[in-house]
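Residues per chain, in single letters:
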Amino acid sequence: MAAEQTATGYIQHHLQNLAYGKLPAGYTRADGTVLSESTWTIAHSSQEAADMGFWAVHLDTLGWSIGLGLIFCFLFARAAKKATPGVPSGFQSFVEVIVDFIDKTVKDTFPHRNSMVAPMALTIFVWVFLMNLMDLIPVDWLPLAFAHGTSALTGADPHHVYFKVVPTTDLNATLGMALAVFALMIFFSVKEKGLMGFVKELTLHPFHSGKWYVDIFLIPFNFLLEAVSLIAKPVSLGLRLFGNLYAGEMIFILIAIVFGVGVLGFIGASFLQMGWAIFHILVITLQAFVFMVLTTVYMAMAHDREEEHAHDQ
Amino acid sequence: MNINLTLIGQSITFFAFVWFCWKYVWPALLGVMQEREQKIATGLQEAERAEKDLELAQRKAAEQLKEAKAQAAEIIDGANKRANQIVDEAKEAARSEGDRLKAAAQAEIEQEVNRAKEQLRTRVAALSVAGAEKILSINIDAKAHDDMIEKLAAEL
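Residue numbers (the working numbering), protein chains in the order written: chain A, 1 to 313; chain B, 314 to 469.
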């Protein structure tokens with residue numbers, strides 16, 4: 001694909017998701033045709049995808065994340081079903097190593113009683129790791145196979161078939177998970193401290209004098225600070241994962257461009273690709289771990305009572 | 314990079330997978346692991362106890378062996394003593410029996426000798442008298458020379 005396109009076009013093509021959404025009536029499509037009525041369709045250009053607005057889905061992101069999540073569920077559920085208290089072997093011991101590791105990590109950071117946090121940490125770690133792992137597959141393999149497969153099946157122009165295989169390089173996926181974590185944070189905060197407790201936590205900290213006529217004037221400042229720190233948690237959680245993986249993917253794409261630049265470029269790019277991939281093994285594991293640990297820490301914060309919170313200040 | 318419905322889809326997917334893991338994966342795996350941990354713990358405990366039991370049994374066995382040895386030595390000692398005693402008694406009995414027999418034999422011998430001496434003496438007296446009669450060709454008055462004959466006989 002690089003040979004037929006400019007480098008910019010190649011990069012842009014790789015960064016566009018397979019979007020499915022609604023285009024309004026009278027819209028001029030990428031190939032020049034004008035829609036007589038609003039249509040649900042697959043975007044044929046980045047512009048079309050952007051014009052679909054909020055009511056569109058990235059089929060590739062959802063497809064890969066759900067597929068990888070199902071693989072995780074299937075493998076682990078099978079291991080759980082087959083597990084025996086006898087001597088563990090093969091896949092069971094592998095799964096147990098992961099479970100044990102997660103269990104220890106969660107116990108270290110989450111001192112409260114909640115049976116959901118540890119399984120959630122396991123799900124996040126393995127699922128995010130699997131999604132990140134897709135980054136190690138050479139950038140062109142799956143998109144090219146998919147584009148040519150669909151063009152052979154439906155006659156679509158392969159240049160207009162977009163396909164991103166790493167769900168975590170899509171901001172929607174990482175922010176989606178971060179939002180879910182955020183929802184759980186609010187839910188557990190309210191559940192553990194009550195609505196008033198949660199509101200108090202947002203308004204009476206960090207500035208607190210103990211005299212109500214002073215506190216009233218401190219409430220806006222407190223609320224501003226606490227709200228920012230509260231919102232910053234899911235946003236930083238989602239953006240951190242997205243940023244790391246997006247940057248990694250970008251470097252892979254740039255290296256892929258170098259492959260086309262003569263014999264020297266090919267040899268150089270081979271080494272670069274290998275080096276970056278080896279380094280990236282560390283990055284994808286680390287990012288999955290960081291996402292898991294931060295989620296657990298946020299859950300612990302949501303469970304912390306006001307007294308403990310006040311004590312921390 | 315468009316923010317769109319994928320965001321919500323991913324959140325729902327997240328909840329679905331977390332729920333699945335929470336219900337079907339985590340408890341089963343952790344339960345099995347805890348069960349194994351307990352099994353290993355009890356196994357180790359039992360092994361320790363068995364080791365202690367073994368040590369105790371060994372000590373007991375050694376003690377019993379020592380006791381048995383002492384008893385055996387005692388018995389052998391007693392037996393030896395008894396045997397010596399029996400031998401001594403037998404020796405004593407044999408000796409006294411021998412002494413008795415010897416004494417009896419000596420007494421008999423003495424008796425025989427005395428009897429022979431008596432016989433000899435009377436014979437000699439008679440012979441001396443007969444010899445003197447012949448020499449003197451007279452009838453010696455036995456009564457008159459009785460003393461002398463007696464003396465002679467006694468000298469023999």
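None of these hints come from the bench; they were simulated from the model. All values derive from a computational prediction rather than experimental measurement. All C-beta atoms in this analysis are idealised placements derived from N, C-alpha and C, irrespective of residue type, glycine included. Treat the hints with care, as some may be off.
[What the hints assert, rightly or not] Pairwise CB distance ranges, derived in the manner of DEER restraints: (1) 41(A) with 340(B): 52 to 60 Å; (2) 359(B) with 75(A): 31 to 39 Å; (3) 347(B) with 94(A): 17 to 25 Å; (4) 116(A) with 347(B): 16 to 24 Å; (5) 340(B) with 261(A): 51 to 59 Å.
Comparing the hints with the structure gives:
Remark: the range hint 52 to 60 Å for residue 41(A) to residue 340(B) is contradicted by a beta-carbon distance near 44 Å. The supplied range of 31 to 39 Å is met by residue 359(B) and residue 75(A), whose beta-carbon atoms lie about 35 Å from each other. Between residue 347(B) and residue 94(A) the Cβ separation comes to about 18 Å, which falls inside the hinted range of 17 to 25 Å. For the pair residue 116(A) and residue 347(B), the beta carbons lie near 18 Å from each other, so the given range of 16 to 24 Å is met.
Roughly 55 Å separates the CB atoms of residue 340(B) and residue 261(A), a value that falls within the hinted 51 to 59 Å.
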